[in-house]
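In case you want the letters, here they are:
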Amino acid sequence: MPSTSVALTPGLASFLKSLKTNPIDTSIDNLISLLKRRQIRHSRSCATATAYLLLRVISACRTTDAAKLIERVQSVGRRLVAAQPREMVVGNIVRRVLGLIRDEAEDDREADFNLSEAGSESQPQTPRVPDDHSDSLSGRFEGSDRSSSRPPLSQPAPITMFSLLSHPEPEASLPGTPASASPSGKMLGHTPSKDIRAEVLEGVNEIIDELGQVDDQIAAYALDHIHSNEIILTHTSSTTVQKFLLKAAAKRKFTVIHAESYPNNHEATHATVSGNSTGDDEILSTESFQKPLIALGITVILIPDSAVFALMSRVNKVILGTHSVLANGGLVASAGTRVIARAAKVHQTPVVVVSGVYKLSPVYPFDFDSLIEYGDAGKVIGYEDGDLVDQIDVQNPLYDYVPAELIDLYITNLGGHAPSYLYRIVSDHYRKEDINF
Amino acid sequence: MANSVDSAQTSSPSVPTSAPATQQSTDMSSQPPSQPSSTGASKPAKQPKQPKANAPAAGPGEEKLTGAELKKKAKAEKVARRAREKAERETTGGAGAGPANPTSAKKGVAGAGAGGKDVPGQQAQKGQKHRRGSNSQPSATEQKKKQEDKSVAVFGHLYGQPRRTTIAGAGKEVHPAVLALGLQMRDYVVCGSSARCVATLLAFKRVIEAYTTPLGTSLSRHLTTHLSHQITYLSTCRPLSITQGNAIRALKLAIASIDPSVPEASAKATLSDFIDSFIREKITVADQVIAASAAQKVQDGDVIVTFAGSSIVKQTLLTAYKQGKKFRVSIIDSRPLFEGKNLARTLANAGLEVQYSLVNGISHAIKDATKVFLGAHAMTSNGRLYSRVGTALVAMSAKERAGGVEVPVIVCCETVKFTDRVALDSIVVNEIADADELVPSEPQQQVTGLFDPVAAAAAAQPDPKKGNSKTAAASAPADTTPAPDASPLSNWKDTANLQLLNIMYDVTPAEYVDMVVTEMGSLPPSAVPIVHRMSTNL
Numbered sequence: 001m002p003s004t005s006v007a008l009t010p011g012l013a014s015f016l017k018s019l020k021t022n023p024i025d026t027s028i029d030n031l032i033s034l035l036k037r038r039q040i041r042h043s044r045s046c047a048t049a050t051a052y053l054l055l056r057v058i059s060a061c062r063t064t065d066a067a068k069l070i071e072r073v074q075s076v077g078r079r080l081v082a083a084q085p086r087e088m089v090v091g092n093i094v095r096r097v098l099g100l101i102r103d104e105a106e107d108d109r110e111a112d113f114n115l116s117e118a119g120s121e122s123q124p125q126t127p128r129v130p131d132d133h134s135d136s137l138s139g140r141f142e143g144s145d146r147s148s149s150r151p152p153l154s155q156p157a158p159i160t161m162f163s164l165l166s167h168p169e170p171e172a173s174l175p176g177t178p179a180s181a182s183p184s185g186k187m188l189g190h191t192p193s194k195d196i197r198a199e200v201l202e203g204v205n206e207i208i209d210e211l212g213q214v215d216d217q218i219a220a221y222a223l224d225h226i227h228s229n230e231i232i233l234t235h236t237s238s239t240t241v242q243k244f245l246l247k248a249a250a251k252r253k254f255t256v257i258h259a260e261s262y263p264n265n266h267e268a269t270h271a272t273v274s275g276n277s278t279g280d281d282e283i284l285s286t287e288s289f290q291k292p293l294i295a296l297g298i299t300v301i302l303i304p305d306s307a308v309f310a311l312m313s314r315v316n317k318v319i320l321g322t323h324s325v326l327a328n329g330g331l332v333a334s335a336g337t338r339v340i341a342r343a344a345k346v347h348q349t350p351v352v353v354v355s356g357v358y359k360l361s362p363v364y365p366f367d368f369d370s371l372i373e374y375g376d377a378g379k380v381i382g383y384e385d386g387d388l389v390d391q392i393d394v395q396n397p398l399y400d401y402v403p404a405e406l407i408d409l410y411i412t413n414l415g416g417h418a419p420s421y422l423y424r425i426v427s428d429h430y431r432k433e434d435i436n437f
Numbered sequence: 001m002a003n004s005v006d007s008a009q010t011s012s013p014s015v016p017t018s019a020p021a022t023q024q025s026t027d028m029s030s031q032p033p034s035q036p037s038s039t040g041a042s043k044p045a046k047q048p049k050q051p052k053a054n055a056p057a058a059g060p061g062e063e064k065l066t067g068a069e070l071k072k073k074a075k076a077e078k079v080a081r082r083a084r085e086k087a088e089r090e091t092t093g094g095a096g097a098g099p100a101n102p103t104s105a106k107k108g109v110a111g112a113g114a115g116g117k118d119v120p121g122q123q124a125q126k127g128q129k130h131r132r133g134s135n136s137q138p139s140a141t142e143q144k145k146k147q148e149d150k151s152v153a154v155f156g157h158l159y160g161q162p163r164r165t166t167i168a169g170a171g172k173e174v175h176p177a178v179l180a181l182g183l184q185m186r187d188y189v190v191c192g193s194s195a196r197c198v199a200t201l202l203a204f205k206r207v208i209e210a211y212t213t214p215l216g217t218s219l220s221r222h223l224t225t226h227l228s229h230q231i232t233y234l235s236t237c238r239p240l241s242i243t244q245g246n247a248i249r250a251l252k253l254a255i256a257s258i259d260p261s262v263p264e265a266s267a268k269a270t271l272s273d274f275i276d277s278f279i280r281e282k283i284t285v286a287d288q289v290i291a292a293s294a295a296q297k298v299q300d301g302d303v304i305v306t307f308a309g310s311s312i313v314k315q316t317l318l319t320a321y322k323q324g325k326k327f328r329v330s331i332i333d334s335r336p337l338f339e340g341k342n343l344a345r346t347l348a349n350a351g352l353e354v355q356y357s358l359v360n361g362i363s364h365a366i367k368d369a370t371k372v373f374l375g376a377h378a379m380t381s382n383g384r385l386y387s388r389v390g391t392a393l394v395a396m397s398a399k400e401r402a403g404g405v406e407v408p409v410i411v412c413c414e415t416v417k418f419t420d421r422v423a424l425d426s427i428v429v430n431e432i433a434d435a436d437e438l439v440p441s442e443p444q445q446q447v448t449g450l451f452d453p454v455a456a457a458a459a460a461q462p463d464p465k466k467g468n469s470k471t472a473a474a475s476a477p478a479d480t481t482p483a484p485d486a487s488p489l490s491n492w493k494d495t496a497n498l499q500l501l502n503i504m505y506d507v508t509p510a511e512y513v514d515m516v517v518t519e520m521g522s523l524p525p526s527a528v529p530i531v532h533r534m535s536t537n538l
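So the sequences go chain by chain: D and G.
Numbering of the first sequence is given in UniProt numbering, commencing with residue 1 and proceeding in unit increments.
Numbering of the second sequence is given in UniProt numbering, commencing with residue 1 and proceeding in unit increments.
Hints were generated in silico from the structure; no laboratory data involved.
Just so you know, not all the hints are guaranteed correct.
Stated by the list, open to error - Not everything, but these chain D residues come out facing chain G in the computed CB check (under 7 Å):
| # | residue |
| --- | --- |
| 1 | T21 |
| 2 | I24 |
| 3 | H42 |
| 4 | V300 |
| 5 | R338 |
| 6 | D400 |
Said to hold, decoys possible - Calculated from the model, a selection of chain G residues having no Cβ within reach of chain D, i.e. all distances over 12 Å:
| # | residue |
| --- | --- |
| 7 | F155 |
| 8 | Y188 |
| 9 | I279 |
| 10 | F307 |
| 11 | K341 |
| 12 | K367 |
| 13 | S522 |
| 14 | M534 |
What you are looking at is a predicted structure, and each value in this text was computed from that prediction instead of being measured.
Backbone N, C-alpha and C fix where the C-beta goes; we use that ideal spot for every residue, glycine too.
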């Protein structure tokens, strides 16, 4: 363990702090051990930690060769994923970064080619489609119109029409999606230098920014989905869901029924519901200062998980957070979600899942059991019941696999999607060659 | 049932000469006005709040008027008095909704559908008035205000009087055995509808043994009233279960059918025997029969899922185990009662292979299940299962698991649990327990409390060392945690807009139940009303 994290409880904050001072290999080991010990738990914390680590790895990797960079990121990524294979977010971030490097490398090559060509033409402003561009050209070209509306990046590169058009966004986001929500961590201003690292780093920074903004972007859709006098049922203390509800609460009055998700998350849920935050260092400090729903005049009814079925007949909408989303539209969410979703289905109540795109993982769940993590049995039966602990098999699953047919709608930072559409977003975000890196 | 109503009412004390007449005797004017002094004396004592103005008004009218007129007049007076009382109460502090709700709730539970409910209903109301009189007025209204604020709107009809907390204010007629039982039921020491039924009957047996008929009345007439006081008390401790209601109705029927000429000693012996045989037939032997026939459903290699802690399911599983069957039991449990723990302990001690998880693990437990055994609080007439909250989730998961194969859901239920009430969802009929039960309790905190000094020291140490803003932010919440040492919910009652809901039961749709095993055989849920009619018309 590095010396800096001794003082703090191991977690995201201590890791990010130690990242600046520690040598890179120590940091990798550090994150691996944090993941293994589950001292970093929340999907977003894992994603942020991974992104920052990869940022360090890339900046420390003194090479201009894209292949070497990819190899390096892959090896680090493999180790991280192996440390906690069920934390799919880690793999997602690694894939995103790999895709970024590949894109930059390709662009680089094209740019060389284009530049030499353009030099002969001596008129770089000519709007032209690079015909030698790769296979999925038509899809990608759509993205290029919109790329001009994206906020200019810090890099003072000469942005010309030529460079805009000749380096279209490789990850075509769909027409109609907000430009700011575009997932690609790519920068526009392209200098024809051999050093792709700076651009990749910029892209990773964008991923990190995206991780910071994702909840707010999702919350922007809240008013489309929550209306006055609705009764919303939710589960666990997911900050994404809380922000979503808070956004709607600013304009509308509704009722929230909150299942407490005992025994794994009930303390956090109680704290979220009552607004008396407990010191959970994984939730970043800004969120712990967030107002609770009750402060906005929203009636919050806390119920035990067992009462979900009894109340479902009065619920208008179920809004769930998730741990990760799979390519088939199913999701891995905290235990208890599946019965809630099922009860909602039985009562014909729509189930809405709010999730950042970073949780979307290209994994197809062939073996559901392998996705499920089991937690501390001591939370189910405390050690004061020692005689029971000896005799019986106590189980405390942390996650449930919820099949896609139980979900009616996904709301990501890109908008609302049907579960059957998610595979498209997956293919937009991850490159085929990176799915099994 | 119909004759039980009449006889119960005629046997109730009826037509006292003074004020209570207005409330009591709506149809008893034909009775001789001469009444024993003992009942007359106890009545006014019980109703200190009765407005005095009624007494002179009723007094002179009684002689001249005919029965029908008297009845009408009494009714009108009753309405007027109620309205006045209500107005009074509203002026004292907006507690006006109080008297209406508890009565109806109580009637609903105690009476459970048959006509006999009128008597306990009225008695219940009287008992409450009595208690309210004993409370100090301002604090009671204040509490009430808070209570109303915290009651979940959808379940508004189920919030009655908060459960009794002490035996203070219980009527002097209430037998000590009943006093004790009431508190035991309130604290879930006696829990489960069969256990509550048996315990009530046994307590009533002692009440009957200790009972002496007052002069001038007969046992069959007065004992029902006497029991009504006990029933009222019990229902203020915790709303009566369906089984209790059914048993009480049967007992009242038995009392009413005793010939007034039978000497007291032999009548009491008859009633004792009746109670014993009721417990034996309807519960003890019934349980054995059910356990034996349900145990036949268990096969080698089965994985049996059950929810919470049903006594009959326990007996079934133990019977099957004794028959040498090899199977595994998976118990699903829930907050806040954790009834499954006891079941797990008993089964594990007996040597069964037990797996235990909470509601969050339902879908995992059900994955390799081959059968689901459920206990019942009651079966409604529309074939739905009314049982501990969470049962519906288990039954639903069993019926709809993704694998495709449905798991049979078998309900073990004595016919005494059948009721002619109907319920479509869990909101119409339910019981609301004290929401404070959901707040994590002290003993649990104490176990983790061992760490507190260490944690506090650890939290205190880094503070002076670190000047970084990030560290400060991270340690800030850590500093605030020791202050609200208990759960963040500990003062939920003072938090605006926050409500806690702790319902006791839910209603499982009939289509999730494949079979109901009763002592009369194994039935589909649709057969419940028929069996109920058969068993009550015997």
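Hints versus structure:
At about 12 Å, the closest approach between the beta carbon of T21(D) and any beta carbon in chain G exceeds 7 Å, and the interface hint on this residue is violated. The beta carbon of I24(D) is not positioned within 7 Å of any beta carbon in chain G (closest approach about 21 Å), and the interface hint is therefore violated. The interface hint given for H42(D) is broken, as the beta carbon of that residue sits about 15 Å from the closest beta carbon of chain G, more than 7 Å. For V300(D), the suggested interface contact is upheld, since its CB lies about 6 Å from the closest CB of chain G, less than 7 Å.
Checking R338(D) against chain G: minimum C-beta separation of about 4 Å stays under 7 Å; hint holds. Interface restraint check for D400(D): the shortest CB-CB distance to chain G comes to about 6 Å, inside 7 Å, so the restraint holds. At the 12 Å boundary, the C-beta of F155(G) falls inside the reach of chain D, the nearest C-beta of that chain being 9 Å off. Distance to chain D confirms Y188(G) as a non-interface residue, since its nearest Cβ pair spans about 15 Å, more than 12 Å.
Under the 12 Å C-beta cut-off, the non-interface status given to I279(G) relative to chain D holds; the minimum distance is some 30 Å. Distance check on F307(G): its Cβ comes as close as 9 Å (rounded) to a Cβ of chain D, failing to clear the 12 Å threshold; non-interface status is violated. With a closest Cβ-Cβ approach of about 7 Å to chain D, K341(G) is found to fall inside the 12 Å limit, against its non-interface label. Some Cβ of chain D comes within 12 Å of the Cβ of K367(G); the nearest lies about 8 Å off, and the non-interface call is violated.
Taking the minimum C-beta to C-beta distance to chain D, about 25 Å, the non-interface status of S522(G) holds against the 12 Å cut. Distance check for M534(G) against chain D: the nearest CB is about 30 Å away, which clears 12 Å, and the non-interface claim stands.
Comparing the model with each earlier hint shows violations of hints 1, 2, 3, 7, 10, 11 and 12; every other hint is respected.
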